[in-house]
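Visitor: Read off the chains here:
There are 4 protein chains.
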Amino acid sequence: MMSKVHTDELEKAMLQKLAKRGVCIRDIGKVVYETQAPYNPGLSLLKCEESVSAVLKKREIQHAVLVGIELDELAEKRLLSEPLQKLVETDDPLFGCDETLALGAAMGYGSVSVTTFGFLDKHKIGIIKELDTNSEGRVHTFLDDLVASIASAAAGRIAHLMRDEEQEFGDMPTIAKEKIG
Amino acid sequence: MMSKVHTDELEKAMLQKLAKRGVCIRDIGKVVYETQAPYNPGLSLLKCEESVSAVLKKREIQHAVLVGIELDELAEKRLLSEPLQKLVETDDPLFGCDETLALGAAMGYGSVSVTTFGFLDKHKIGIIKELDTNSEGRVHTFLDDLVASIASAAAGRIAHLMRDEEQEFGDMPTIAKEKIG
Amino acid sequence: MMSKVHTDELEKAMLQKLAKRGVCIRDIGKVVYETQAPYNPGLSLLKCEESVSAVLKKREIQHAVLVGIELDELAEKRLLSEPLQKLVETDDPLFGCDETLALGAAMGYGSVSVTTFGFLDKHKIGIIKELDTNSEGRVHTFLDDLVASIASAAAGRIAHLMRDEEQEFGDMPTIAKEKIG
Amino acid sequence: MMSKVHTDELEKAMLQKLAKRGVCIRDIGKVVYETQAPYNPGLSLLKCEESVSAVLKKREIQHAVLVGIELDELAEKRLLSEPLQKLVETDDPLFGCDETLALGAAMGYGSVSVTTFGFLDKHKIGIIKELDTNSEGRVHTFLDDLVASIASAAAGRIAHLMRDEEQEFGDMPTIAKEKIG
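Residue numbers (the numbering used here), protein chains in the order written: chain A, 896 to 1076; chain B, 896 to 1076; chain C, 896 to 1076; chain D, 896 to 1076.
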């Protein structure tokens, strides 16, 4: 029986692919920071990067990144068969497999992730904008959505963690207090 | 055996509920127009309203609207049990059932719908903004997402129809033509 | 400013509601066991119950359970407005808000969850079957899907954990070993 | 400006790819028939095939089929980079991109589609079983899910159409009649 792919190998391969395509954890962390800072005054870039790292440990995300970058690279080398080659190469606005794949991977972090993803798809910021613009011979049809998806998942994760902390440290009147009060 | 609910009854009930809550087809049409006009120079408000009407014929949408408005109205009358009453009444940012219900209903119109939904969730415009603001004793926790969902579905529908028309009327060089040329 | 709902309160309310409606963690654990045991020889019922408990800590699940049971209870008391009352009361086969709400909450646990959910929707087993059958005056339109959703999420969670353990304890030849071998 | 891919070209390419991989409309129609016949006594195989054809006109489905078959074919030729090659080739049970892509394309047909998809994923029947079994050197990791997705979408479409017909031809007492009665 054939052996299975070990998670460590998966994660390493994904991080290498991302780096090779010009995306590092800090870049994604910055996108997270920009979308979440307005809601969380105490948020630091470091916390955002940690959240991105945590999200990148998920197999669903790792698999999606590997599939998406593979398709981008094959399209760059013009190795996809037609008409798929043209759909990916031109990032046809009605071609939705990139969003489907990316969104599916981010679904795990609740509705904050889903709406942040939709927002980032329209308002490309930071590294997502760079990927979308810097296109001399480059194909980033899947990668820009994947980065948006990772950032959205990390943003959703932070929204939940911040609430947990509020509760823990009493920045917020709890139900119990209110009732006593 | 108990009879089933007829589609005509469903649609009528939904339109009445929407009207009672201050939302008409034209309001939603305007949101669609605002999101799609930048991509479609020839788009008219009438076409947007027609697309909204078409979307409102879908059972999935009709069901979601009836459920969502019911929950809003029950919350207004303070008839939900705690802690659900508080979650809906305050539109808790981590409460995602409104987005889940709304998004599930719009899924039928492709990735354009999903990203438009996420965008409208962050950038509330037109009637969605009114619902979100005009909140003196009013609860629109579900309704604003439902309207965003209907608008997104109608927007996705238009994006596909416009492409069909381009192809039909030759505004765009078709593959065949290009190859001949 | 109104206080937010504390997670502890949410979880407690959800567990009480589930108990009141006749569903305990062990019941759901049994469903998980039945779906996952064929794939995991070493699986115990205890592990399944632990996984259910972990899933029930998620806000998305807690919210969905509160919404769904509320609608079931309102339908039982005939307090929903028509035609929603009839749709929920008769569990109309085309009414999909129950599945949408339930599935949205389980999405966080990958594709194993999604397909397990679809399977449980057709092959009702254990407590899901009881909820579906024992219907004298009872409405469980939302609850049976919610239980299927919790079980599916717990099943997906186990599938991932089992792989992690395999890797940890070497029950499985890793890529590295294979290459050395 | 580069021309866009015409829908006719898309559909033709998809049908050719499906045929080349051993799947014809009739095969998928049979799966639909098997899942829906129990609920619809008057259902014919012809109607199921028509529903499959209608579903195959959707761009979202066409795109997903082209992407999925491309990945299967590349894996067969061992042209994917590692570790993706191994994940696809062995259809790793935790690899969910195939389900994500397939399910995303079927979402348009309501909750009946989603649960039918989950069911077919566990109970492989007809052509889906053949694809899963006949694997000498063949990779059908994406294709079997895509076929399940097309069949599920067609099944969901039929469930809605049958209800429309019931209403039209009075096989079912309508609300109005009941109230008069």
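Just so you know, the hints here were simulated from the structure itself, not pulled from any lab data.
Please note that a few of the clues may not be correct.
[Unchecked claim] Calculated lysine-lysine pairs in the DSSO-like style (CA-CA distance at most 30 Å, straight line):
id, chain 1, residue 1, chain 2, residue 2
1, B, Lys907, B, Lys972
2, C, Lys1024, C, Lys942
3, D, Lys952, C, Lys1024
4, A, Lys952, C, Lys952
5, D, Lys952, A, Lys981
6, B, Lys972, A, Lys1019
7, B, Lys907, B, Lys925
8, D, Lys1017, A, Lys952
9, C, Lys1019, D, Lys952
10, C, Lys942, B, Lys972
[Said to hold, decoys possible] Output of the computed footprint for chain B on chain A, the stretches with three or more beta carbons under 8 Å from beta carbons of chain B:
id, segment
11, 903 to 914
12, 956 to 968
13, 1049 to 1059
[Claimed, not checked] Covered, in the sense of this in silico footprint (three residues per stretch, anywhere, with C-beta under 8 Å from a C-beta of chain D), are these stretches of chain B:
id, segment
14, 1001 to 1012
15, 1051 to 1057
Quick reminder that beta carbons are idealized off the backbone N, C-alpha and C, glycines included.
Visitor: Does each hint hold? Answer for all of them.
Guide: Right, here's what the structure says about each hint:
no.	hint	verdict
1	Lys907/B / Lys972/B	holds, 24 Å
2	Lys1024/C / Lys942/C	holds, 22 Å
3	Lys952/D / Lys1024/C	violated, 38 Å
4	Lys952/A / Lys952/C	holds, 20 Å
5	Lys952/D / Lys981/A	holds, 19 Å
6	Lys972/B / Lys1019/A	violated, 41 Å
7	Lys907/B / Lys925/B	holds, 22 Å
8	Lys1017/D / Lys952/A	holds, 27 Å
9	Lys1019/C / Lys952/D	violated, 34 Å
10	Lys942/C / Lys972/B	violated, 43 Å
11	903 to 914	violated (count 0)
12	956 to 968	violated (count 0)
13	1049 to 1059	holds (count 3)
14	1001 to 1012	holds (count 5)
15	1051 to 1057	violated (count 1)
When each numbered hint is compared with the structure, violations occur for hints 3, 6, 9, 10, 11, 12 and 15.
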